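Fit chain B to the known structure of chain A by using the hints.
Spelled out from the first residue to the last, the chains are:
Number of protein chains: 2
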Amino acid sequence: METRKYTLLILLFMMCFAALKVQAQEKAPTATWIWYPGDYEIWLSNKMQARRTERGAFLPPLWRYYSPYAMVTFRKDFSLEKEEELQIFTEGQYKLQLDGKQLHGNPKTVKIPAGNHSLVIKVYNQEQVPSVYIQGSQLVTDSSWQVTYEDKEWIDETGKASDQSGTNWEVVGSWDFDSPQDLPSQFRLATSPHYATDRRAIGQGELVDFGRETFGYIQFHGLRGKGKINLYYGESEEEALDSVYCETLDYLRFDGSQEEAYMVESSKAFRYVQLQSEGAISYDSVSMHYEYLPLDYRGEWNSSDDLLNEIWEVSAYTMHLNTREFFLDGIKRDRWIWSGDAYQSYLMNYYLFFDNASVRRTLLALRGKDPISSHMNTIMDYSFYWFVGIYDYYLYSGDKEFIRNFYPRMVSMMEFCLDRRNENGMMEGLPGDWIFIDWADGLSKQGEVSFEQMLFARSLEAMAVSAEIAGDEQGRQRYGALAEEMKEKLFEVFWSADRQAMMHQRVDGQVLDQVTRYANMFGIFFDYFSEEQKQAVKQSVLLNDNVQKITTPYMRFYELEALCALGEQEFVLEEIRDYWGGMLDLGATSFWEKYDPEESGEEHLAMYGRPYGKSLCHAWGASPIYLFGKYYLGVKPLSEGYGQYEVRPNLGGLEWMEGKVPSPEGEIAVYCSRKEIRLSADQGQGLLIFHSKSKPKTNTGSIKDLGEGVYELSISPGVEYTVHYKAIL
Amino acid sequence: METRKYTLLILLFMMCFAALKVQAQEKAPTATWIWYPGDYEIWLSNKMQARRTERGAFLPPLWRYYSPYAMVTFRKDFSLEKEEELQIFTEGQYKLQLDGKQLHGNPKTVKIPAGNHSLVIKVYNQEQVPSVYIQGSQLVTDSSWQVTYEDKEWIDETGKASDQSGTNWEVVGSWDFDSPQDLPSQFRLATSPHYATDRRAIGQGELVDFGRETFGYIQFHGLRGKGKINLYYGESEEEALDSVYCETLDYLRFDGSQEEAYMVESSKAFRYVQLQSEGAISYDSVSMHYEYLPLDYRGEWNSSDDLLNEIWEVSAYTMHLNTREFFLDGIKRDRWIWSGDAYQSYLMNYYLFFDNASVRRTLLALRGKDPISSHMNTIMDYSFYWFVGIYDYYLYSGDKEFIRNFYPRMVSMMEFCLDRRNENGMMEGLPGDWIFIDWADGLSKQGEVSFEQMLFARSLEAMAVSAEIAGDEQGRQRYGALAEEMKEKLFEVFWSADRQAMMHQRVDGQVLDQVTRYANMFGIFFDYFSEEQKQAVKQSVLLNDNVQKITTPYMRFYELEALCALGEQEFVLEEIRDYWGGMLDLGATSFWEKYDPEESGEEHLAMYGRPYGKSLCHAWGASPIYLFGKYYLGVKPLSEGYGQYEVRPNLGGLEWMEGKVPSPEGEIAVYCSRKEIRLSADQGQGLLIFHSKSKPKTNTGSIKDLGEGVYELSISPGVEYTVHYKAIL
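Residue numbers (UniProt numbering), protein chains in the order written: chain A, 1 to 729; chain B, 1 to 729.
The following block holds chain A by itself, in its conformation from the complex (with noise of 0.2 Å):
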């Protein structure tokens, strides 16, 4: 009797799960090119660092270039219910082998019976990254596919395949090119049509104004004759109009044979463009492609202070322009990818777009493939970045996939910079290591600096999290003992007592009298200061203007961030209004690589001991969209992929401020006065905090009261929270 119901019950679960699969194979799989992991992300950085031009001239990255494997082999074990007809696409030529059989020719489609089955395929492109599209009724390539760079098959004397035991399979890439038309080879960024606000004759040629700076492609209306035109591009209307140092330039040649609407081959990051042109060439006018990566802003902010307000729309701005085939640091000189700078733009990326496809290329373009050479872009600083970076990206996507595929090539990574330590156990610069830290003038990279201990214990912590992900347990504990002891070494060796901060670094066992900010910032959030520690380096090092100040945004990220995480609010907030606010009033349209208020004129344009160097248009000015979504709104994940998260609003002097923050499954959207908070959000479990005067009042869940003036709400998805307290100011 007992058997006769477990039977029943049994077969109710059957017919369930049949009926689940019935409605899955109903609804049409989608397909999507697949290709060896990492593989399409290091062709596609290669060809777009590549773009890189100086004058005219090829400049491409200092850094070495990986290949994509030439030749890789696809594999997937499936069952179909019923017949099943594929349609095959690929880039490459390609061998098809169907339950260990090879089928002759190159067949576009492929019948396939009822039942179980082997599909294999090995494809050949040495131009492009070798990839292939299928697609059927019930079977599609999808991130369910495996691949291999070496199937170690052979046969023997008979003709008998042998078996591939020691094959290596791993995880398909794949992004979004979900048709077959849609080649991964031929992606190009979206464009759309720009006209110009303003033009105006200089000299035989004229000046052309885009309004605010731009990315994309000039075109010509009307282009009639035979001659030369030369273009002279400008972030600022100086630099356009100064044809012997302007950065980016094309000297165009035309024989007549052109179209009138003729487009520029290479796109170039600009506001102004000066046209002069020689012989019988005419044209009508000038308009400009703009080229852009199609991404939604789902991060929004608005406050009482118009300032802000506008500061946070140049800031988007700017991450939108450097948001590409890749995060780049720059759009007018740089157009490469730097692992420091790309960093950042993750953590911006999280406020603002939240599109994992760019993390995940970016970390991918810069970890390249082994055996590892050199540090990531050959900066040491820039491997931690790299490392912290993923840690950041699990916290903020919830991405367990990613970090399992990719966990060997972190291992490989950090074994390379495990086998850099000194005698020690510390990171010092060896011949090739570039340790770059800031630009700062004056600042000493020798010996063992604090700065670099610190990433470093913290990317191995990043390896502890990510082994327990990847199932190691082994290195689970190895990378945790190892972070461990490099936090204690640091406190060890450079904490000091005297000064209450920690030193800049140790030379020949000698640790040298000089403190920096650099440690000091990011010991505050990486939280390996104690309580008593942090307000102690707040003083002696971050509010104390005798220690070398923070010139580029780059840093200045990390010391609003520090003064933020300490609830120095109000007095950021007034940093920002000043820097930012100072680089608009001087007509900015996006923010700068950097920005000294004590400039002046032209002098804002220099860099690197070029007239127009500096870049006006760097992701690393972006930063007031982290600082706000993070430190004003307050939101952030306190377990990956925000199943659990916090909510500590802070005004920072501001009448009221209302934003929105993206989390994998929606978005958490706040509104913050003096007297109200309302909020809602569409996953996780949220804890809102905030201190309050007097005991506040909610429309719906309790509040505790944790003592002191600070209160707590638990916030469930899908509930509108409105919350009626008393700031303290």
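Bear in mind the hints are in silico, worked out from the structure with no lab data behind them.
The model shown is predicted, which means the values in this text are computed figures rather than measured ones.
Hints are supplied without guarantee of correctness; some may be wrong.
Put simply, identical chains are the same to the list, so a pair is met inside one copy or across any two.
Heads up, simulated DSSO-like pairs for lysine-lysine below, C-alpha to C-alpha not over 27 Å straight-line [claimed, not checked]:
1) Lys695 / Lys226
2) Lys47 / Lys369
3) Lys594 / Lys101
4) Lys228 / Lys108
5) Lys400 / Lys226
6) Lys726 / Lys697
7) Lys76 / Lys693
8) Lys445 / Lys101
9) Lys534 / Lys108
10) Lys47 / Lys108
11) Lys487 / Lys445
12) Lys704 / Lys693
13) Lys101 / Lys111
14) Lys111 / Lys228
15) Lys445 / Lys534
16) Lys695 / Lys534
17) Lys489 / Lys594
Leaving out everything else, chain B in the frame of chain A:
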């Protein structure tokens, strides 16, 4: 006074030196295209191996493909006596830096003033191999240039370039692309038109016979109209006539717009081709473009036995057909690069073409790049043949430069092998390892196989020699000690006093009661056996019919070599007459992958379970070239590059023989009858060693009597020796 004398001497010396320098300058140096070493070979071999098809289906290699670096930096420091104008050609985009400063634009010519300079060129090419050709009157691109895939250069805030102390510069690679127009990426083998010897109607179509095995492109003459033509290729008439099972074919479709002299796109190996057309299409005739690597036969052979002479001719032709972009195993079906097959081609090459470039190209293509994830071609023995092949290459060519440049790749390959030793320090198959040894029925490859350990020991010896050349004293000691250890173990474990032979294998600690020929053959010509053991092995193994016979020409190569090394030249000649003569009797125009005299009719064509699976033109079938040169003419180097060599003529029962063996700087010509030996050489110090029944006489030099009827004559270059003696028959 003494001082003055020296001063005068030094002055004189300096004048001579200056004069030589002027002379060197006046002769305009030869430029050649240069690239990152090994990358061109990887790229070209990827392309070549992907040309294999099976009945029209793409059939790429079973093993992994490596990729060239897409961006590399070339460098040369030099001094100019006078101003120089350089012409610059590249394959890829490039960035030019003279004395640390970038030259803007992409200059095609550069003027450089007299004095010391440093020229740096970074070249990017994603699709082909980045390469450069520079022509000046004093400076040209040649093997004195250096290259790196990672120049570890960076700039500081002021735009100043860093040093490159961490950069690993390597010697560039090149071949013979010696003009600007001769682009490496456009490499094609030479072709020459050949015509059919016969054509006859087959159904509506015809069968065309080209008279002998060949390789190339079918060309139509007078091709007109629209329709289909199917081409079925055959190394045998049977194959070409069998449209269902022939191994290679072309299905051509014409829309009427084709040229009358249309040439088929892909080259094939064949003697016969069957053409069948459909639709309103017609042609007058077909010819073919024979495709080949232009090499001279520098080795020669002639003798009193016409059959042997024909065998040598057909062997040489077989070898030439298989010596292409790289040494191929077979030209019809295979068209891949197999290390074990190539190893024999290296040896045959030394007695036919002496083309070092082909050996180097093949060694480099096989090696690929780091990291190594499997044995060469996935086969354990094939990794070892690669090492031994380098050892032989050095011995024959004396090319220290090659060893020095590629020693690091030898080290990483050997470390891969060493990491795969089992707990007894022996090589045993791990998952994914193919243990090939030979195609032989029931041959066990389990556990520790003596043959593999012997190749491993020899590989370690090759490493020790190479380490010495590369100046790695620690490596020399380490590899030397490991080789000794391995050799000791070999005899300790596998030598059976009972059986007077090397046993085949040990499985789970137990030496199995089986003897095979493999280790026993190699032990002889590796000189691992004592004289006593050699004679014992000859009886107990080589001449013992109870030991499984060798059936492949592949292992036949070594078996016959071992017998020759034991002085069994007469016996071996009989074997050659039977075996190779047997193929000729069956109409062979090139030698086969396998020949079994017991088979008959179409059985000779089948292999791998396919009716025409066997290759009828296989490099390993050409071994008589090697045997005749080394063991009959008896010429072999004793020290690298024929600095010292010996000539031990052995008639093997012939009336007379004559021939030439190439050496790096010329040739060694030998004539030998039963009464007279004539000898001349272009280089090196040689020893003529021969047996004589009576005291011999020479026209020049003096003959040493070594006792027991053995005599020795020292050979100097450029002298013609004639020795009268009385052969012992």
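Structure-based check of each hint:
no. : hint            : result
1   : Lys695 / Lys226 : neither (79 Å within a copy, 92 Å between copies)
2   : Lys47 / Lys369  : both (17 Å within a copy, 23 Å between copies)
3   : Lys594 / Lys101 : between (62 Å within a copy, 25 Å between copies)
4   : Lys228 / Lys108 : between (48 Å within a copy, 20 Å between copies)
5   : Lys400 / Lys226 : neither (59 Å within a copy, 58 Å between copies)
6   : Lys726 / Lys697 : within (10 Å within a copy, 122 Å between copies)
7   : Lys76 / Lys693  : neither (62 Å within a copy, 74 Å between copies)
8   : Lys445 / Lys101 : between (60 Å within a copy, 25 Å between copies)
9   : Lys534 / Lys108 : neither (65 Å within a copy, 60 Å between copies)
10  : Lys47 / Lys108  : between (30 Å within a copy, 23 Å between copies)
11  : Lys487 / Lys445 : within (20 Å within a copy, 52 Å between copies)
12  : Lys704 / Lys693 : within (14 Å within a copy, 116 Å between copies)
13  : Lys101 / Lys111 : within (14 Å within a copy, 61 Å between copies)
14  : Lys111 / Lys228 : between (57 Å within a copy, 26 Å between copies)
15  : Lys445 / Lys534 : within (25 Å within a copy, 67 Å between copies)
16  : Lys695 / Lys534 : neither (30 Å within a copy, 102 Å between copies)
17  : Lys489 / Lys594 : neither (34 Å within a copy, 68 Å between copies)
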